[in-house]
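Given only the sequences and the hints, what does the whole structure look like? Please build it.
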Amino acid sequence: MEEIAQVLARQLTVYMAASQAAMAERLGLSLTELKALDLVLEFDALPTGQLGQLLGISWGGATALINRLEAAGYVQRGRHPLDRRVIVIRPVAERCRALAEERRAAAEEVTFLSRQYDAHQLATVHAFLTQYARSLRHETLMWLQSRHGRDFVND
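Using full-length UniProt numbering, you'd call the opening residue of the sequence shown number 1 and step up by one each time.
Hints listed in this document are in silico derivations from the structure and should not be mistaken for laboratory results. Please note: incorrect hints may appear among the correct ones.
[To be verified] Label pairs and their computed distance ranges (CB to CB): (1) Ser114 / Ser58: 38 to 44 Å; (2) Thr130 / Arg68: 30 to 36 Å; (3) Arg115 / Val7: 23 to 29 Å; (4) Val7 / Glu94: 26 to 32 Å; (5) Gln20 / Ser58: 45 to 51 Å.
[Stated by the list, open to error] Simulated pairs of lysine to aspartate or glutamate, DMTMM-like, Cα-Cα distance not exceeding 20 Å: (6) Lys35 / Glu70; (7) Lys35 / Glu25; (8) Lys35 / Glu101; (9) Lys35 / Glu102; (10) Lys35 / Glu94; (11) Lys35 / Glu139.
Cβ atoms here follow ideal geometry from the backbone N, Cα and C, with glycine treated the same way.
Right, here's the structure in full:
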């Protein structure tokens, strides 16, 4: 079972990365810009430094990236409610709808594939994937907190 999990994890990582690259191209964004938008959408408000850390880019690189996304209308800067010195990046919902539209085809594919399974099987798969996503989110938040010594990301 462990070998199957490793192969599946590798394949999902590789093909999700390829899918993201294709989506970024269709939207006229760089891959890093798309990843940044995904992170901001997931966390709703993300401090500049944590966004840079999650993307593996410098503070200067993060600032330049945010400037481009802000100029294109995808994000806006604001102050963190707990520490007004911290700048957080928030998505602009209307502009980010294009990402949801792009993902509609993938959602339709998942819906099509799900027809092969009964309600109990789908509930099991859903529970497993939800638990795994929560685990990954928790690990991410712990990593960010350990690096910054404080928790600014919404949990």
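Subject >> Numbered hints the structure breaks, given as an ascending list >> reply: The structure conflicts with hints 4, 5, although it agrees with all the remaining ones.
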